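Asker: Take the given structure of chain A and dock chain B with the ligand to it, following the hints.
Order-wise, the sequence lines are chains A and B. Counted the way the numbering used here counts, the first sequence spans residues 1 to 137. Counted the way the numbering used here counts, the second sequence spans residues 1001 to 1429.
Read the hints as simulated data drawn from the structure, not as lab findings. All figures in this text were calculated on a predicted structure; none of them were measured in a lab. Quick reminder that beta carbons are idealized off the backbone N, C-alpha and C, glycines included. Treat the hints loosely; a few may be bogus.
[As the list claims (entries may be wrong)] Subject to a maximum C-alpha distance of 27 Å in a straight line, what follows is the list of computed BS3-like cross-link-like pairs (lysine-lysine):
#1 A:Lys96 / B:Lys1237
#2 B:Lys1047 / B:Lys1004
#3 B:Lys1009 / A:Lys94
#4 B:Lys1236 / A:Lys95
#5 B:Lys1426 / B:Lys1275
#6 A:Lys100 / B:Lys1296
#7 A:Lys94 / B:Lys1237
#8 B:Lys1362 / B:Lys1344
#9 B:Lys1237 / A:Lys95
#10 B:Lys1004 / A:Lys100
#11 A:Lys100 / B:Lys1236
#12 A:Lys52 / B:Lys1427
#13 B:Lys1088 / A:Lys104
#14 B:Lys1234 / A:Lys100
#15 B:Lys1180 / A:Lys52
#16 B:Lys1296 / B:Lys1009
#17 B:Lys1427 / B:Lys1047
#18 B:Lys1407 / B:Lys1047
#19 B:Lys1222 / B:Lys1344
#20 B:Lys1088 / B:Lys1009
#21 B:Lys1132 / A:Lys96
#22 A:Lys104 / B:Lys1180
#23 B:Lys1236 / A:Lys96
#24 B:Lys1427 / B:Lys1180
#25 A:Lys94 / B:Lys1132
#26 B:Lys1180 / A:Lys96
#27 A:Lys94 / B:Lys1236
#28 A:Lys95 / B:Lys1180
#29 B:Lys1004 / B:Lys1362
#30 B:Lys1275 / B:Lys1296
[As the list claims (entries may be wrong)] Covered stretches of chain A (chain B as the covering partner; in silico rule of three or more C-beta atoms under 8 Å from a C-beta of chain B):
#31 12–25
#32 53–60
#33 98–107
#34 119–125
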Amino acid sequence: MEPILKIWYDSLKEGKILGLKCKRCGTVQFPPVPVCGECSGMETEWVEMSGKGTMYSVGYSPFGIPPFVDDPVVIGYATMDEGMLFSATLTGAKKKDMEKLMEKTPLPVTLGIQKMDEDVYFPCLKLGENSEESSGK
Amino acid sequence: MKGKKLARKVSIIGAAYTPLGDVRETPEIKDFSEREMVAMAGIAAMKNGGIEANDIDAFYVACSGPNTDAKMKGGGPFFAEWLGMKYKPTMFLDAGCVGGGVALNSAVGAVAGGMYDAVLVTGVNINMSMPKSYYPPHIRFDYDNETLWDNVYLGMDAAYIRPSTGGLAPYDSDLMVYSKTYGISLEEIDEAFLQYLIDKRREAVLNPKAALTTESFEEEGKRFGFDNAHDYLKSKKYNPFISYTGRGKFMGWAMDGAAAVVVCASDLADKYTDKPVEVAGISVSCSTEKDYPSLKHVEDMTMFEEAYMMADITDPFTQIDHMYIHDCPTLTIPIIMEQARYVKPGTTIDYMKNGDFTFDGKRPLNTTGGRTQAGHPRSPAYLMEISESIEQMRGECGPRQMPIPPKTSLLWGGGSGVSKTVTVLKKQW
Ligand SMILES: [Zn+2]
Chain A
1 MEPILKIWYD
11 SLKEGKILGL
21 KCKRCGTVQF
31 PPVPVCGECS
41 GMETEWVEMS
51 GKGTMYSVGY
61 SPFGIPPFVD
71 DPVVIGYATM
81 DEGMLFSATL
91 TGAKKKDMEK
101 LMEKTPLPVT
111 LGIQKMDEDV
121 YFPCLKLGEN
131 SEESSGK
Chain B
1001 MKGKKLARKV
1011 SIIGAAYTPL
1021 GDVRETPEIK
1031 DFSEREMVAM
1041 AGIAAMKNGG
1051 IEANDIDAFY
1061 VACSGPNTDA
1071 KMKGGGPFFA
1081 EWLGMKYKPT
1091 MFLDAGCVGG
1101 GVALNSAVGA
1111 VAGGMYDAVL
1121 VTGVNINMSM
1131 PKSYYPPHIR
1141 FDYDNETLWD
1151 NVYLGMDAAY
1161 IRPSTGGLAP
1171 YDSDLMVYSK
1181 TYGISLEEID
1191 EAFLQYLIDK
1201 RREAVLNPKA
1211 ALTTESFEEE
1221 GKRFGFDNAH
1231 DYLKSKKYNP
1241 FISYTGRGKF
1251 MGWAMDGAAA
1261 VVVCASDLAD
1271 KYTDKPVEVA
1281 GISVSCSTEK
1291 DYPSLKHVED
1301 MTMFEEAYMM
1311 ADITDPFTQI
1321 DHMYIHDCPT
1331 LTIPIIMEQA
1341 RYVKPGTTID
1351 YMKNGDFTFD
1361 GKRPLNTTGG
1371 RTQAGHPRSP
1381 AYLMEISESI
1391 EQMRGECGPR
1401 QMPIPPKTSL
1411 LWGGGSGVSK
1421 TVTVLKKQW
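So here's chain B without its partners, still in its complex pose:
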């Protein structure tokens, strides 16, 4: 892409996501299979965008680890008829937890290139239970141990990476360099991350879609005999270290979910909505875990600069009002955020400690509650945050609404492999 302007301007006209929860328990999605999840999100996104299936040219579905986790392969057509897309082109894509984002940016390219006028992009993963091969997928089972480990490790390259590294070690490495470079102790960084969790929990509690998040960390800690949230989150028992710098609760909270976005040529968007959001910048990249050990992730810096060039952003600090960083694990935040220039180098930890990364704070970030607290549905995650960005722009976030709705949002997502993508959204009214 190299930061070139799109051949035709592209907007998002509608977006939506399902409640995040457990299909075996959560009332709004109870007894749903992947089919109903995609249908619920897709129908809501079409209604949100004022468009119907007849006017949509193609349909993309992202799903992480579909063979193991959803017991399907080549699954696009399984969903098409459910959304009125029979006979239309579908693409089924696995880019780990950023699948929705990669699908979105591919759809933007297809519309910009003139192949389609409108595309419905969806993502789905049911993470708390699994179907059984050959059985109707509403019949759910507990994850078996083998599938759980596959979930964790199949996204690491078995040719060269997997035989020598484990889990969160690359993120440790990043933070070690960060700590040394800026003279910020690992203890101080840990404290800041705990404050971040507390802030994200507050937002998730205010987010009705975060169906399993019902109480503050203060309240949760009290139930386990702690006086305050920090002591609870520092306890070895309830929040142990699972790497040198990463604790259990720094990881995404696996939940079931789906999300959908309708992408449309900007010159046609007025037909459907008076509140389109322009996709002003996109970039997609990939790397491997051996690329981690410095503060300079070449692929991330390149993506940000390409997307900024497309979106005419020269000073992200003043021009971007709201950001999403895929915060599973939270350890990614300082490096990604500073490479994006959303904050100045070496300042992330101070912002975190001061609680500034909230919808009502100085540098709004992950205002849904993010992956650790709202929930981590894997492949739909990026699309649900696109939906959040649009709702913030439209002033529809209720108690989590940013006091001044953002004009420009920046999103960064990563998924195992490692696939990565960046999107810049701009309000058009």
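Chain A extracted, bound-state conformation:
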């Protein structure tokens, strides 16, 4: 067993978004966990995420994300191209845009990386298909 959380969070700090791929059925666990949720396989390997997904809903936290973010945040809910559900801060989105965004769903999103504090970087979602635009901290 590896220190999964440390490897994952350290990689985010270096700009890489990783998942754990099941060696038996190929399903990617993201965020990573050591047993495959699909086939129960227990052998996995690190892979880089494609970063692409489809958002189909939004939520809102007026209190931000204590203790990391003080300002209100919009949260995106997406299915990643690798198949799993993922939710995270939808960067750049404002509360006033939420219903318009919802009307337009399903919408393409990409994963980015957001600095939450000195030790914690976390994937965020960005609108659009181009992962180049949405990478970076």
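Answerer: Chain B with the ligand only, in chain A's frame:
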């Protein structure tokens, strides 16, 4: 469980709950610690079931966030002697606000498997004040800020969920999809939820155990200068939005409480009561908040179908007479209720607007007044609603009594984590 029938039939013979209130003020529970709360509920449940501690084999206690909120850990034995259960097996369990339900369904499994004949299941949380570490727990203090935030956020997985989401956002997401799928505007949904609050307040006022709920929203609104309950509940000042779709009063109203249920093998139940209620179906599951963003909560649908298979329910709409949904926040109701097939897809909002989810309405739901209006004691909540279901079946609910007592009740509970459980109860007389 996979919907298999239990190896031995199991019934609930007795159930009870304490008044919900504030141990620093409410007369019936004044100066109580967690010990007296569990004892009050446990003794009442044993008396209700006609059974005494000598005939009970094991004792479970559910408590949400015990380390922070009750300043105890591994607390089962602290309560055992208080209820005559010294030397008996105890289990102390935290499954957030559905702890009582998870404990209940575990006890049912233990009785069905033949390990025990009777189990006392309890839940307790004192939410309006806290004890101090090392001090006798009847000495209460105000919650400090850190504990309050811990209360809210320690139930979110800090490994992956907590660093990126906040508060009610997953429920917003669900309702956004619901609104879009059925073409029902968020304004219309909001209006319906306000009507639901008004209806639940009416029931809570009729529920003597809801000790802090004494006036209708109409009366409460008048005190703050509003002509009617809807205007009051729509005001930014008194009922602000705390997410995109959720308002302050859509959350449970934290109160102190305890509840208890006596589970017994059905073949022995006649020894104690002539009104046993069979636990016809159970299912327990879990998920994480990232599983929320669609109308299909796999874990909930699976639980309902497993419990229905066990209970021989093929058409919930006609076969279930009464339902409980853990309505903290109320935003959960449309999706859970429709997944349970207690109403048809896309119809929840209409029922809500028409005031149909009442003890005297078309689809009785949360007839205690529910978490928002009767009060939210956290881990005992599910057990208190089990008690309500049994009282409704026995025709003992006084002014809140359903005109035709239900034969079959369905309960759904969720607690932070996220733990979830479903129970189907059937009247046996
Ligand atoms: Zn696999």
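Asker: Next step is simple, just say for each hint if it's right about the structure.
Answerer: A quick look at each hint next to the structure:
Annotation: proposed proximity of lysine 96 of chain A to lysine 1237 of chain B holds, straight-line Cα distance about 20 Å (limit 27 Å). For the proposed pair lysine 1047 of chain B and lysine 1004 of chain B, the alpha carbon gap of about 32 Å is over 27 Å, so the pair is violated. A threshold of 27 Å between alpha carbons decides the hint, and for lysine 1009 of chain B with lysine 94 of chain A the separation of about 54 Å lies outside it, so the pair is violated. A C-alpha spacing of about 17 Å is found between lysine 1236 of chain B and lysine 95 of chain A, which places the hinted pair at or below 27 Å, so the restraint holds.
The straight-line distance between the Cα atoms of lysine 1426 of chain B and lysine 1275 of chain B is roughly 11 Å, inside the 27 Å bound, and the hint therefore holds. At roughly 23 Å between alpha-carbon atoms, lysine 100 of chain A and lysine 1296 of chain B fall within 27 Å of each other, so this suggested pair holds. For a cut-off of 27 Å, the pair hint linking lysine 94 of chain A to lysine 1237 of chain B stands: about 23 Å separates their Cα positions. Between lysine 1362 of chain B and lysine 1344 of chain B the CA atoms are separated by roughly 13 Å; this keeps the pair inside 27 Å, and the hint holds.
For the hint linking lysine 1237 of chain B to lysine 95 of chain A, the alpha-carbon distance of about 20 Å falls within 27 Å, and the restraint holds. Pair hint lysine 1004 of chain B plus lysine 100 of chain A does not hold up; C-alpha atoms about 46 Å apart against a cutoff of 27 Å. A C-alpha spacing of about 23 Å is found between lysine 100 of chain A and lysine 1236 of chain B, which places the hinted pair at or below 27 Å, so the restraint holds. Between lysine 52 of chain A and lysine 1427 of chain B, the direct Cα distance comes to roughly 52 Å. Violation of the 27 Å bound is thereby established for this hinted pair.
A C-alpha spacing of about 59 Å is found between lysine 1088 of chain B and lysine 104 of chain A, which places the hinted pair above 27 Å, so the restraint is violated. With a C-alpha separation of about 23 Å, the suggested pairing of lysine 1234 of chain B with lysine 100 of chain A holds against the 27 Å cut-off. Of the supplied pair hints, the one linking lysine 1180 of chain B and lysine 52 of chain A holds, its CA atoms being roughly 24 Å apart against a limit of 27 Å. For the proposed pair lysine 1296 of chain B and lysine 1009 of chain B, the alpha carbon gap of about 31 Å is over 27 Å, so the pair is violated.
Straight-line distance between C-alpha atoms of lysine 1427 of chain B and lysine 1047 of chain B comes to about 19 Å, which keeps the hinted pair within the 27 Å bound. Distance check on the hinted pair: lysine 1407 of chain B and lysine 1047 of chain B sit about 23 Å apart at the alpha-carbon level, within 27 Å; holds. For the given pair, lysine 1222 of chain B sits about 37 Å from lysine 1344 of chain B by alpha-carbon distance, which is inconsistent with the 27 Å threshold. In summary, the hint linking lysine 1088 of chain B to lysine 1009 of chain B is supported, as the alpha carbons are separated by about 23 Å, within the 27 Å threshold.
For the hint linking lysine 1132 of chain B to lysine 96 of chain A, the alpha-carbon distance of about 44 Å lies beyond 27 Å, and the restraint is violated. For the hint linking lysine 104 of chain A to lysine 1180 of chain B, the alpha-carbon distance of about 10 Å falls within 27 Å, and the restraint holds. Only pairs whose Cα atoms come within 27 Å are accepted, and lysine 1236 of chain B paired with lysine 96 of chain A is accepted, the gap being roughly 17 Å. Between lysine 1427 of chain B and lysine 1180 of chain B the alpha-carbon distance is near 39 Å, which puts this suggested pair outside the 27 Å criterion.
This hinted pair does not check out: lysine 94 of chain A and lysine 1132 of chain B have alpha carbons roughly 42 Å apart, beyond 27 Å. A C-alpha spacing of about 17 Å is found between lysine 1180 of chain B and lysine 96 of chain A, which places the hinted pair at or below 27 Å, so the restraint holds. Distance hint between lysine 94 of chain A and lysine 1236 of chain B is fulfilled; the C-alpha atoms sit about 20 Å from each other, no more than 27 Å. The straight-line distance between the Cα atoms of lysine 95 of chain A and lysine 1180 of chain B is roughly 17 Å, inside the 27 Å bound, and the hint therefore holds.
Pair hint lysine 1004 of chain B plus lysine 1362 of chain B does not hold up; C-alpha atoms about 31 Å apart against a cutoff of 27 Å. For the suggested pair lysine 1275 of chain B and lysine 1296 of chain B, the alpha carbons sit about 37 Å apart, so the restraint of at most 27 Å is broken. Given as covered by chain B, the stretch 12–25 of chain A fails the check, having 0 residues with a CB less than 8 Å from a CB of that chain where 3 are the minimum. Three residues within the 8 Å Cβ limit are the bar, and the stretch 53–60 of chain A against chain B gives 5, so the coverage statement holds.
For a cut-off of 8 Å, the count of residues in the stretch 98–107 of chain A with a CB near a CB of chain B stands at 5, and the three-residue condition holds. Counting residues of the stretch 119–125 of chain A whose CB falls under 8 Å from any CB of chain B gives 4; the rule of at least 3 is met.
Going through the hint list in order, the structure does not satisfy hints 2, 3, 10, 12, 13, 16, 19, 21, 24, 25, 29, 30 and 31.
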